[in-house]
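Going down the list, the protein sequences come from chains A and B.
In this text, residue positions in the first sequence follow the working numbering: the first is 1, and each later residue adds one.
In this text, residue positions in the second sequence follow the working numbering: the first is 1, and each later residue adds one.
Keep in mind that the hints were calculated from the coordinates and are not lab data.
Some hints here could point you the wrong way.
Stated by the list, open to error - Okay, derived cross-link-like pairs now, BS3-like style, lysine-lysine, Cα gap no bigger than 30 Å in a straight line:
1) B/K69 x B/K58
2) A/K78 x B/K100
3) B/K100 x B/K58
4) A/K68 x B/K71
5) B/K69 x A/K24
6) B/K71 x B/K100
7) B/K71 x A/K24
8) B/K49 x A/K24
9) B/K69 x B/K100
10) B/K71 x B/K58
11) B/K61 x B/K49
12) A/K68 x A/K78
13) B/K49 x B/K100
14) A/K24 x A/K68
15) B/K100 x B/K61
Stated by the list, open to error - Covered by chain B, according to a simulated footprint, are these stretches of chain A (three or more residues, beta-carbon under 8 Å):
16) 37-50
17) 101-111
Don't be surprised by glycine CBs; every beta carbon is placed ideally from N, CA and C.
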Amino acid sequence: DAGVIQSPRHEVTEMGQEVTLRCKPISGHNSLFWYRQTMMRGLELLIYFNNNVPIDDSGMPEDRFSAKMPNASFSTLKIQPSEPRDSAVYFCASSPPATGELFFGEGSRLTVL
Amino acid sequence: AQSVSQHNHHVILSEAASLELGCNYSYGGTVNLFWYVQYPGQHLQLLLKYFSGDPLVKGIKGFEAEFIKSKFSFNLRKPSVQWSDTAEYFCAVNRRDTDKLIFGTGTRLQVFP
Chain A
1 DAGVIQSPRH
11 EVTEMGQEVT
21 LRCKPISGHN
31 SLFWYRQTMM
41 RGLELLIYFN
51 NNVPIDDSGM
61 PEDRFSAKMP
71 NASFSTLKIQ
81 PSEPRDSAVY
91 FCASSPPATG
101 ELFFGEGSRL
111 TVL
Chain B
1 AQSVSQHNHH
11 VILSEAASLE
21 LGCNYSYGGT
31 VNLFWYVQYP
41 GQHLQLLLKY
51 FSGDPLVKGI
61 KGFEAEFIKS
71 KFSFNLRKPS
81 VQWSDTAEYF
91 CAVNRRDTDK
101 LIFGTGTRLQ
111 VFP
């Protein structure tokens, strides 16, 4: 079975550029999560969706960050404009109904110069 | 607000030593509890989980955890660690009525041969 698929795996960009991270959850999972991991702050929940609807976006740092889930098999996390402090590994995870168990993707390592 | 505390930030052990990593959470209601492991350069993987029933939970690779409700704790244990257990370990909690999974800051375990 395919796991959670994220792209790109690595991205290096310059400050001010738009960054789009993509995620394909596991088929049949109804919840999708975006986390950010840094050395300083550990794993932070940015936003999560249930049945394609954003449920909690209280972790989204600021208006430069936005996330969408247009259908059950695709989500994006966009940063516009990007800043050096956005450099981190961004993980997408999905969860089947009523288990609470998350399955993580390989992560997207973002470096903003 | 719900929070998860892992008091050991960095643990260094020799092979065959016993391991116990602490995890405490702050939410007073019914919760699901998890331990995830992140091997160097990889994504998070589920080690074990507790939903209900026997508070002593067995996971993969010889790990176990004990849920002590009165202490709001879910400590991870392994009787004899191996070099391959070198990784970062994350405790996580979610309330039964939500999918929102909150992670602790993680404990970095280094095992030397």
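With a cut-off of 30 Å on the C-alpha distance, tell me whether B/K71 and B/K100 pass. holds, 22 Å
Taking a Cβ-to-Cβ distance below 8 Å as contact, does the region 37-50 of chain A have at least three residues touching chain B? holds (count 5)
Holds or violated: B/K100 to B/K61, with C-alpha atoms at most 30 Å apart: holds, 27 Å
A/K24 and A/K68: Cα distance at most 30 Å? It holds: about 12 Å lies between the C-alpha atoms, which stays within 30 Å.
Given hint A/K78 paired with A/K68 - CA-CA distance at most 30 Å: holds, 9 Å
Go check the region 101-111 of chain A versus chain B for me, would you? Three or more residues, Cβ under 8 Å, otherwise it fails. holds (count 7)
Measure nothing beyond the straight line between the CA atoms of B/K69 and B/K100; if it is 30 Å or shorter, mark the hint as holding. Measuring from Cα to Cα gives roughly 20 Å; hence the hint holds.
Between the alpha carbons of A/K68 and B/K71, is the straight-line distance 30 Å or under? Given pair A/K68, B/K71 is violated - Cα atoms ~39 Å apart, limit 30 Å.
Is B/K69 close enough to A/K24, meaning Cα to Cα at most 30 Å? violated, 36 Å
Are the Cα atoms of B/K61 and B/K49 separated by 30 Å or less? holds, 14 Å
Given the proposed pairing of B/K71 with A/K24, does the C-alpha separation stay at or below 30 Å? Not OK: B/K71 and A/K24 at ~38 Å, beyond 30 Å, violated.
Given the hinted pair B/K49 and A/K24, is their Cα-Cα distance within 30 Å? holds, 24 Å
Hints 4, 5, 7, counting from the list given before, are not met by this structure.
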